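Novice: One letter stands for each residue in the lines below.
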Amino acid sequence: MGSLRVQKRLAGQVRQPDPLTHTLSEVFPETATDAAAIGFVLARLPRTDAPILWVQDRLSRKEAGRPYLAGIGTKRPVIMVDLSRAVDVLWALEDGLRCRSLCGVIGEIWGDPPALDFTATKRLALRAEAADVPCWLIRRAASADLSAARDRWRISAVPSAPHPHDAQAPGTPRWALDLFRSRRSKPGQWVATYDRAQDRLNLAVPVRDRTLATGDGTARGRAAG
Amino acid sequence: MERQGGAPPDDIPIVLAREGHHGPVIHAANRTARVNGILPGSRVVDMRAICPELQVEFADEAEDRAALDRLVLWARRWCPWTVRDGDGGLILDTTGSDHLLGGEAAMLVEMETQLSLMGLTARLAVAPTWGAAWALARFGPVRSICGAEEINFKLGALPVTGLRLDDTTVLLLRRLGLKTIGAVMDVPRLSLTRRFIKAGLAANPLLRLDQALGKLAEPVASMDAKPRFAVQSRLAEPIFDPTPYLPELCENLCDTLKQAGMGCRRLHLTVYRTDGDVSHVDVATSATTRDPTHLHGLFRDKVERINPGFGFDLITLEAGSVEAMQEKQNRLDGGSDDDLHLTRLVDRLSAKFGPRAITRPVLRESHIPERAEGQVAALANIADLGAVTTQDRPLRLFDHPEEVRVLYAVPEGPPAQFVWRRQTHRVTRYAGPERIAPEWWKDRPGTRLRDYFKIEDQSGRRIWLYREGLHEDGRGGDPRWFVHGCFA
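Sequences listed follow chains W and H, in order. So the first sequence is residues 592 to 816, counted in the working numbering. So the second sequence is residues 1232 to 1719, counted in the working numbering.
Worth flagging that the hints you see were computed from the coordinates, not collected in a lab. In this text the structure is predicted, and so the values were computed from the model without any measurement. Treat the hints loosely; a few may be bogus.
[Stated by the list, open to error] If you want the footprint, here are the derived chain H segments under chain W, 3+ residues with CB under 8 Å:
id, stretch
1, 1432-1445
2, 1486-1498
3, 1596-1604
[Stated by the list, open to error] Taking lysine-lysine and the BS3-like style, the derived pairs with C-alpha atoms no more than 30 Å apart in a straight line are:
id, chain 1, residue 1, chain 2, residue 2
4, H, LYS1673, W, LYS653
5, H, LYS1429, H, LYS1446
6, H, LYS1410, H, LYS1457
7, H, LYS1489, H, LYS1446
8, W, LYS666, H, LYS1583
9, H, LYS1446, H, LYS1533
10, H, LYS1410, H, LYS1429
11, W, LYS713, H, LYS1533
12, H, LYS1457, H, LYS1385
13, W, LYS653, H, LYS1410
14, H, LYS1429, H, LYS1457
15, W, LYS713, W, LYS653
16, H, LYS1489, W, LYS713
17, H, LYS1533, H, LYS1583
18, W, LYS777, W, LYS713
Each residue gets a CB set at the ideal place from its N, CA and C atoms; glycine is no exception.
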């Protein structure tokens, strides 16, 4: 990792992550049982046939269920790692990020374990950037404390789009996305529609009226950290 | 052959049975059973009629064969060329090795002694050819020794069964009046050739006779024992931690594997303690490998499990599950390929968390949601990925469906309101029902059908809800409602 920093400095680059490289992102679902975050993460993974490494701790599996292959689809093989402690999840994630042939690494950690501190997230972020493999950390029942994740999202489900053929049935899923901290792009809020047939994620600015911001707007507009 | 708990008593008629075309048939019988008139090859029910107190056990033919294969290697103590002969015999090419044991007669006595020490009854014979030895061992006198010049004389008195022919040919020869091998020898060659010109080896008395008399070569193709790949390091002083010695051991082992063109999938590390005990650690890999750094890395957290006692002074590292492994050039530019990285990742994870923690879900042919997914090993080859469901399925599934309390039921469709995990959900929109009937060939009788609904609640969460059973379906009380999964 030290050599990585030196290399970048030698190349004369500003230490600004390239928006195209994959990195560590954190996702905070609004409620623990909301699968909207999973849907968003899966929609954001690169479109390759490489396998996904999916690491779950015991509480996430018990409280929020396990990934269901019939719903995810068999396009990409999934390698499931069922562990019990958050330390082990972090170890497995870090080990998985040494392997460049993965499509993505998804980790689910319940709550705020002491092992998941700034150092741990920094290690994950640097490893993910070195291997150019996206790493998504799904944190349920957690508070957004200090973290080195490059992007931090807060995601919840919103009522779905109308079904084209059935007025009383839920249609295409819609998610409320809140990118509340980002190093690479401007934070913002969107309503996303996911078209599964075309694997397309459409972002739209929410149209509802909002209260006026009390500050001058610079604090929200600038990327924190 | 390797029955637990010692041999059965001799006074009880015991037979081993195998599956035949019309029910079980006798595979082998003990002496008492044979005295009582039990014939191997006949049906068990018929023999029960002859001998009602017959005890029947099923034969384990595969294990018998494997035990015989082990015995083939064990018999290398007497001569270098040994081979398994059918399902109940060994052929040893003792040419040039009998004098080491004091001549042929002494050698046979030595062999019989050694085999009887293992609890095996053996009938032995020495003859110049495979066929003659076969016949003499089964039908000749005890420990018969047959020289090259007396082979015609010794074989002549034996029955035609000794020619290794199949049953129909033996029956045919008997009907022709040819009861001994000598009688077959007396028949002119031309007549035998004409009669059996189209018969295969097992049905051709002339070919078998030529083999037995040495006119047709029948060499012994000896199987090689699998080489054992192990390295060891002897220490001058007893130590407690093998870690500093591991890299060198792994490198030495991988060198030997590389020279033989092999790779291994298992490693056994054994330490021999000074107090006379041994302690060992095993690791496994998901693909054949001979990379010392990778193998060494697998031992990282496992070495602590060794119980060193008062120290150990000998470490051995042995490769198990050795397979041939080709050296592959991964890429033109010398970079390593992706599959290799993936197998190594799975190895590292399995070594740390155990192989059961690393799985790969696959689709199975079933309509019941929890049965539609199975777990296989992470790098298992799956030929068919199963039927892809066209139905709308959730992204998350609960291992155990969670029962909800219905606040406001409606006759058709899902409940208007229900409580799940202490939260009230109001159903705003729903799709369904999708009825999934129980699989009667697997489920217990009385299992109720399920009606699945995809519902959306007031906050937009999409939940997979099902009702177990119908009103008045006669399989229990009122139907209950469960949450089974969550949609994106």
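Novice: Taking 8 Å as the Cβ threshold, is the statement that the stretch 1486-1498 of chain H is covered by chain W upheld or broken by the three-residue rule?
Specialist: violated (count 0)
Novice: For a C-alpha distance cap of 30 Å, please report whether LYS1457/H and LYS1385/H respect it.
Specialist: Violated, at roughly 38 Å.
Novice: Is the straight-line distance between the alpha-carbon of LYS666/W and that of LYS1583/H 30 Å or less?
Specialist: 28 Å, holds
Novice: Taking 30 Å as the top limit, are the C-alpha atoms of LYS713/W and LYS1533/H close enough?
Specialist: 28 Å, holds
Novice: Next pair to validate is LYS1429/H with LYS1457/H; report whether the Cα-Cα distance is within 30 Å.
Specialist: This hinted pair is violated, its Cα atoms lying about 40 Å apart.
Novice: Is the straight-line distance between the alpha-carbon of LYS653/W and that of LYS1410/H 30 Å or less?
Specialist: 77 Å, violated
Novice: How about the stretch 1596-1604 of chain H: do at least three of its residues have a C-beta closer than 8 Å to a C-beta of chain W?
Specialist: Per the Cβ count (3), the hint holds.
Novice: Given the hint that LYS1410/H pairs with LYS1457/H, does the C-alpha gap stay at or below 30 Å?
Specialist: With a Cα-Cα distance of about 44 Å, the restraint between LYS1410/H and LYS1457/H is violated, given a limit of 30 Å.
Novice: Given the hint that LYS1489/H pairs with LYS1446/H, test it: the Cα-Cα distance must not exceed 30 Å.
Specialist: 45 Å, violated
Novice: Do the alpha carbons of LYS777/W and LYS713/W lie within 30 Å of each other, as the hint requires?
Specialist: With a Cα-Cα distance of about 21 Å, the restraint between LYS777/W and LYS713/W holds, given a limit of 30 Å.
Novice: When you check the alpha-carbon spacing of LYS713/W and LYS653/W, does it fall within 30 Å?
Specialist: Status holds; Cα separation ~28 Å.
Novice: Counting residues of the stretch 1432-1445 of chain H whose CB is closer than 8 Å to a CB in chain W, do you get three or more?
Specialist: Since 0 is below three, the answer is violated.
Hint compliance for this structure: hints 1, 2, 6, 7, 9, 12, 13, 14 and 16 are not met, and every other hint is.
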